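Novice: Let chain A serve as the given structure and place chains B and C on it in line with the hints.
Chains as they are written, first to last, in my numbering: chain A, 1 to 152; chain B, 1 to 204; chain C, 1 to 201.
One thing to keep in mind: the hints can contain errors.
Now the in silico label distances, taken between C-beta atoms and shown as ranges [what the hints assert, rightly or not]:
1. Leu48/B x Phe28/A: 24 to 34 Å
2. Thr63/B x Lys40/C: 50 to 60 Å
3. Glu57/A x Thr26/B: 34 to 44 Å
4. Asn36/A x Pro128/C: 21 to 31 Å
5. Pro111/B x Leu191/C: 53 to 63 Å
6. Glu33/B x Gln181/C: 32 to 42 Å
Bear in mind the hints are in silico, worked out from the structure with no lab data behind them.
Treat the numbers as computed from the prediction; the structure is a model and nothing was measured.
A virtual CB, placed ideally from N, CA and C, is assigned to each residue, including glycine.
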Amino acid sequence: RCPSSMDMNPVKQSFQEIKDAVQVNDTFKNVTILSNLHSVKVLSPLDTCCMTRKLLEFYVKRVFKYREELSLHISRGVSSISNSFLTLQRTVQPCKEKSLCPCSEAATNATRTINNNYDQLEVGSAAIKSLGELGVFIAWIDKNYHQETSTA
Amino acid sequence: GGADVLPAPQNLSIHSTNMKHVLTWTPVIVPGERIHYSVEYQGEYESLYLSHVWIPSHWCSPTEGPMCDVTDDITTTVWYNLRVRATLGLQTSDWSILEHGFNRNSTILTPPKIEVTKDGFYLVIELEDLGPQFEFHVTYWKSEPDAQAHIKVVKSGNIPVHLETMEPGVKYCAKAQTFVKAIERCSAFSQAECIEVQGDALPL
Amino acid sequence: MKNVLQWNPPEGLTGFAVSYTVQYFIYGQKKWLEASECRKINRTYCDLSAETSDYEQQYYGKVKAIWKTNCSKWTETRRFYPYLETQIGPPAVALSTDEKSLSIVLTAPEKWKRSSEEGFVSMQEIYPTLKYTVSVYNAKSNRTWLQYETNHSLVLSWLQPDTLYCVHVESLVPGPPRQGQPSEKQCVSTLKDRTLELKIK
Numbered sequence: 001r002c003p004s005s006m007d008m009n010p011v012k013q014s015f016q017e018i019k020d021a022v023q024v025n026d027t028f029k030n031v032t033i034l035s036n037l038h039s040v041k042v043l044s045p046l047d048t049c050c051m052t053r054k055l056l057e058f059y060v061k062r063v064f065k066y067r068e069e070l071s072l073h074i075s076r077g078v079s080s081i082s083n084s085f086l087t088l089q090r091t092v093q094p095c096k097e098k099s100l101c102p103c104s105e106a107a108t109n110a111t112r113t114i115n116n117n118y119d120q121l122e123v124g125s126a127a128i129k130s131l132g133e134l135g136v137f138i139a140w141i142d143k144n145y146h147q148e149t150s151t152a
Numbered sequence: 001g002g003a004d005v006l007p008a009p010q011n012l013s014i015h016s017t018n019m020k021h022v023l024t025w026t027p028v029i030v031p032g033e034r035i036h037y038s039v040e041y042q043g044e045y046e047s048l049y050l051s052h053v054w055i056p057s058h059w060c061s062p063t064e065g066p067m068c069d070v071t072d073d074i075t076t077t078v079w080y081n082l083r084v085r086a087t088l089g090l091q092t093s094d095w096s097i098l099e100h101g102f103n104r105n106s107t108i109l110t111p112p113k114i115e116v117t118k119d120g121f122y123l124v125i126e127l128e129d130l131g132p133q134f135e136f137h138v139t140y141w142k143s144e145p146d147a148q149a150h151i152k153v154v155k156s157g158n159i160p161v162h163l164e165t166m167e168p169g170v171k172y173c174a175k176a177q178t179f180v181k182a183i184e185r186c187s188a189f190s191q192a193e194c195i196e197v198q199g200d201a202l203p204l
Numbered sequence: 001m002k003n004v005l006q007w008n009p010p011e012g013l014t015g016f017a018v019s020y021t022v023q024y025f026i027y028g029q030k031k032w033l034e035a036s037e038c039r040k041i042n043r044t045y046c047d048l049s050a051e052t053s054d055y056e057q058q059y060y061g062k063v064k065a066i067w068k069t070n071c072s073k074w075t076e077t078r079r080f081y082p083y084l085e086t087q088i089g090p091p092a093v094a095l096s097t098d099e100k101s102l103s104i105v106l107t108a109p110e111k112w113k114r115s116s117e118e119g120f121v122s123m124q125e126i127y128p129t130l131k132y133t134v135s136v137y138n139a140k141s142n143r144t145w146l147q148y149e150t151n152h153s154l155v156l157s158w159l160q161p162d163t164l165y166c167v168h169v170e171s172l173v174p175g176p177p178r179q180g181q182p183s184e185k186q187c188v189s190t191l192k193d194r195t196l197e198l199k200i201k
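So here's chain A without its partners, still in its complex pose (with noise of 0.2 Å):
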């Protein structure tokens, strides 16, 4: 499995404390992005390489950009939770040069449909509801991860 772990405890940590904040911003409750995401059944391994790699793209290049009316506890929140990913990008990173992150058509096509529902609405509005929905990706990451953590 590359890559064979994802630490995403910053990320919990940061999502966990802006969490309430970011969520009450997002009016549309019936709207979703990423909650296809569960009811995705990525086929292999080396699928969830490929889901989290573009997940992670999806996240820095167009998520995180958006730091306009946010407030100061937020975009603390933001910053730390962006500068996170960029780590967790360079962990999945070697996996793609080593050829063991291929996309499926299935991978590809949830994350084009994760894009699509963000162009659905306002960029504000988009940013803001995804933010709301990193728990569905920090949850779908636990679940293809298990983090083994070692204790003796």
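Specialist: Using the frame of chain A, we list chains B and C on its own:
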């Protein structure tokens, strides 16, 4: 006088030990005036994608002293830019930027303080609490030739942790190093401490 | 995964016959849904475990007060995500001892279920990295020490005979802090050392 340009702080430098990061600079002196400072930071993400974005430091926007604990600002293991400016009333100086930036993986890690004790036949260790970022790798062994060393990961300090059940009349030793997963680095080992439980006398 | 919505009664109406109605919303769906068990109830809580049993979804809840013909506005919760936010209950703890050892057997907490007919689902299945912090207190030396455990049983040997040991255990899932619920403290005494009695005779 006031109309002159307020000089920018000089000699910015950062000192980091055990994941506590403190930014210092030479104070700006204006006779008879009290100068305040503002500290801001940007991570690698901001400098790559949003270079215009700087974020006010958690504790030092504004601050009086010529130093700032930026530990709560530096929350990930990437390069950070830090800048400081002086303010006097409505007047602000230029920004001074920390040369070369800062990455917390350069923090100095000191060996932890340890206390090795026994509870009946149990070898117990208590470690210094250095905060949530710190785990401890404890190595312990029987003080005998060719004795095998064992390693145990201890998740947090200041709570006694059971290591081993001791045989009477044998000396056991333990030492520890800190491990910071966020930067994937360890400290040096502490001094070893040894302890022995008496022969076959009844345990206290 | 037992999810209960709680609220405080409106101020100024204590002693009045106020009732409440609850609705819930599945994030991403289209409309609010009735909590069938919580229509015009007098209590100030509503068990929404059945409605929120898909722990991979996210939910909102809301409640309004009704008094005679008057209705209050709805009060809404923040978004709730069971998978990341549910508290993990303590494991079941079974202790047994002999003269110098204490055996501790842990059974992972059970996921909430609608009825006893429903099959047993362990929280370990949902959180494979579930671990335990075992706290052991020696009443004679008045000392406590910890043991981190991933397995379901551990034996503490070479204990002191005829000594009271108290144990409580907390479940732990790596990630953001969740409120812990330690198990009830259980105490058991190691047996008297019979070899000592023989010597004395």
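Novice: Taking the beta carbons of glutamate 33/B and glutamine 181/C, is their distance inside 32 to 42 Å?
Specialist: Violated: the Cβ-Cβ distance is about 56 Å, outside 32 to 42 Å.
Novice: Do the Cβ positions of proline 111/B and leucine 191/C conform to the proposed distance bound of 53 to 63 Å?
Specialist: Violated - the Cβ-Cβ distance for proline 111/B and leucine 191/C, about 42 Å, lies outside 53 to 63 Å.
Novice: Determine whether the Cβ-Cβ distance between asparagine 36/A and proline 128/C falls within the hinted range of 21 to 31 Å.
Specialist: Distance hint for asparagine 36/A, proline 128/C holds at roughly 24 Å.
Novice: Determine whether the Cβ-Cβ distance between threonine 63/B and lysine 40/C falls within the hinted range of 50 to 60 Å.
Specialist: holds, 56 Å
Novice: Is the hinted range of 24 to 34 Å satisfied by the C-beta distance from leucine 48/B to phenylalanine 28/A?
Specialist: Check passed, 30 Å falls within 24 to 34 Å.
Novice: Using the beta carbons of glutamate 57/A and threonine 26/B, state whether their distance is inside 34 to 44 Å or not.
Specialist: This hint holds: roughly 43 Å between Cβ atoms.
Violated hints, in rising order: 5, 6; the structure is consistent with all others.
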